[in-house]
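Asker: Residues per chain, in single letters:
Number of protein chains: 2
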Amino acid sequence: MLYFIGLGLGDAKDITVKGLETIRKCSRVYLEAYTSILTVGKEALEEYYGRELILADRDMVEQEADGILKGADVSDVAFLVVGDPFGATTHSDLVLRAVKAGVQHRVIHNASIMNAVGCCGLQLYSFGETVSIVFWTDTWKPESFYDKIRKNRASGMHTLCLLDIKVKEQSLENLMRGRKIYEPPRYMSVKQAAQQLLEIVHNRREQHEELAITEDTICVGLARVGAENQKICTGTLTEMALADLGPPLHSLIITGDMHPLEIDMLRLFALDQATFHNLKLTDSSTYTS
Amino acid sequence: MLYFIGLGLGDAKDITVKGLETIRKCSRVYLEAYTSILTVGKEALEEYYGRELILADRDMVEQEADGILKGADVSDVAFLVVGDPFGATTHSDLVLRAVKAGVQHRVIHNASIMNAVGCCGLQLYSFGETVSIVFWTDTWKPESFYDKIRKNRASGMHTLCLLDIKVKEQSLENLMRGRKIYEPPRYMSVKQAAQQLLEIVHNRREQHEELAITEDTICVGLARVGAENQKICTGTLTEMALADLGPPLHSLIITGDMHPLEIDMLRLFALDQATFHNLKLTDSSTYTS
Numbered sequence: 001m002l003y004f005i006g007l008g009l010g011d012a013k014d015i016t017v018k019g020l021e022t023i024r025k026c027s028r029v030y031l032e033a034y035t036s037i038l039t040v041g042k043e044a045l046e047e048y049y050g051r052e053l054i055l056a057d058r059d060m061v062e063q064e065a066d067g068i069l070k071g072a073d074v075s076d077v078a079f080l081v082v083g084d085p086f087g088a089t090t091h092s093d094l095v096l097r098a099v100k101a102g103v104q105h106r107v108i109h110n111a112s113i114m115n116a117v118g119c120c121g122l123q124l125y126s127f128g129e130t131v132s133i134v135f136w137t138d139t140w141k142p143e144s145f146y147d148k149i150r151k152n153r154a155s156g157m158h159t160l161c162l163l164d165i166k167v168k169e170q171s172l173e174n175l176m177r178g179r180k181i182y183e184p185p186r187y188m189s190v191k192q193a194a195q196q197l198l199e200i201v202h203n204r205r206e207q208h209e210e211l212a213i214t215e216d217t218i219c220v221g222l223a224r225v226g227a228e229n230q231k232i233c234t235g236t237l238t239e240m241a242l243a244d245l246g247p248p249l250h251s252l253i254i255t256g257d258m259h260p261l262e263i264d265m266l267r268l269f270a271l272d273q274a275t276f277h278n279l280k281l282t283d284s285s286t287y288t289s
Numbered sequence: 001m002l003y004f005i006g007l008g009l010g011d012a013k014d015i016t017v018k019g020l021e022t023i024r025k026c027s028r029v030y031l032e033a034y035t036s037i038l039t040v041g042k043e044a045l046e047e048y049y050g051r052e053l054i055l056a057d058r059d060m061v062e063q064e065a066d067g068i069l070k071g072a073d074v075s076d077v078a079f080l081v082v083g084d085p086f087g088a089t090t091h092s093d094l095v096l097r098a099v100k101a102g103v104q105h106r107v108i109h110n111a112s113i114m115n116a117v118g119c120c121g122l123q124l125y126s127f128g129e130t131v132s133i134v135f136w137t138d139t140w141k142p143e144s145f146y147d148k149i150r151k152n153r154a155s156g157m158h159t160l161c162l163l164d165i166k167v168k169e170q171s172l173e174n175l176m177r178g179r180k181i182y183e184p185p186r187y188m189s190v191k192q193a194a195q196q197l198l199e200i201v202h203n204r205r206e207q208h209e210e211l212a213i214t215e216d217t218i219c220v221g222l223a224r225v226g227a228e229n230q231k232i233c234t235g236t237l238t239e240m241a242l243a244d245l246g247p248p249l250h251s252l253i254i255t256g257d258m259h260p261l262e263i264d265m266l267r268l269f270a271l272d273q274a275t276f277h278n279l280k281l282t283d284s285s286t287y288t289s
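From first to last, the protein sequence lines are chains B and A. Position 27 of the first sequence, counted from 1, bears residue number 27 in full-length UniProt numbering, the numbering being contiguous throughout. Position 37 of the second sequence, counted from 1, bears residue number 37 in full-length UniProt numbering, the numbering being contiguous throughout.
Note that these hints are calculated values from the structure, not bench results. Owing to the predicted nature of the structure, the values given are computational and were not obtained by experimental measurement. Just to be clear, a hint being listed does not mean it is correct.
What the hints assert, rightly or not - Below, computed lysine to aspartate or glutamate pairings styled on DMTMM-like, alpha-carbon distance capped at 25 Å:
#, chain 1, residue 1, chain 2, residue 2
1, A, Lys-168, A, Glu-183
2, B, Lys-151, A, Asp-147
3, B, Lys-100, A, Glu-169
4, B, Lys-231, A, Asp-76
5, B, Lys-70, A, Asp-272
6, A, Lys-25, B, Asp-147
7, A, Lys-13, A, Asp-264
8, B, Lys-231, A, Glu-199
9, B, Lys-42, A, Glu-21
10, A, Lys-141, A, Glu-169
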């Protein structure tokens, strides 16, 4: 049996009891290490689970899946994923390979950033398509996420923006020279994401259109959701582009229409209470009751 | 401290280690008992957690919140919710009352049906607004969920339909006579939801419009997600209206545009393989690559 086990979002103890018991009976345990991170590293997990973990990077999962599946038809293998195994990233490819190899699979679910963001008080019901915001470079500044957020807002929906993670990236020079030297991991902050979004807002100058994203659009910044030191901030896009939410992982929400109860919840996390006091005046499209 | 603790979706062991440790140190433990259920009852949870649970029905949470918050400023109180505390239902009202009463709160997340449905292979990214389908009566047959599903499909998005739960309902006669006698709980099945949806499809006769929901629209039925005996079925709306997925809870997904990898995953759960073989011919709007 191949077990896909979600680790949740905070630290080693966010695993479910069922997940922990399963890890302890498996012959091999892989840790998927390229789509998300916990606030603790591999060593802390190994110590708490009492098992050695095999780091599975993207190359291993995509190109050496046979190794992961080896023997899983007669013994138990665990594949650990931060969050939920079918949350922000699906592992459908590995499931399909398992089925093809005659290996049964089972999923042990956990919280994902896709549902845990509900803790800020916005209704999960009212989220539209989720978008990813990638790091811009000097020569590559994709804006497609902006159009998706705009489309969600046109339907009154909130947008969860998952922020870029770069692990095991090579510099252009090392890539060209074929040197397997990797840059330190980078995790996009709420501040960086808001700055990129703000740059598009300024370039497009759609500020006076009814459903546009403006400098005053209410956003929610979330950092380390589920951890003891999680941080949630709410405010305008401009405020968010100045906010420091500390270490990764960060996520950003761009609101759509809001219910008064949602506003009351967001107010608890306001960077500046005046923003919410003046909400009806500055950005009426986000406050329909 | 008031702890909101998600129990996950299956049985007693789907709680996180952190959640379990927290329950065991709290002075009072409430179990929210009106928005969802596990596959095991209150007694099994009490035995596993080693704590007495106080059932909190809607009336208690909405009208007697002071009782729940009592003493939570100086001791620890737990409020347990099936799934995630801010998943399908938010408990914002209780959070706001806690803040007003000077009681701190913390959330211990878990899987919610809102993210666990990803196990069928559809990308969570590509879901639009979530809808609720309520039990129709002879005189009340609301169709608003149909329009929301249609709107999601028009954007290529999938729709998660949460199915009605009736607990502590009174018959009209008992209600009128003021007798606090409650009907047995009822949980809508995938079959019932699909039948109601099919009735709307037949009435509206939009079958030839490009983005309409038709008898042949591909759906996913899910039952007891996260439990040992979970069941996932995929097929047309017509097939779903005949399918028996066993005991509750059930959820239904109406697909939008699908990626080939999503199709490959859904095929694993096909009620009839021929449905997926002929997919391009019968319902091209759902299969864009």
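Asker: In ascending order, which of the hints set out earlier in this document are inconsistent with the structure?
Answerer: 3, 5, 6, 7, 8
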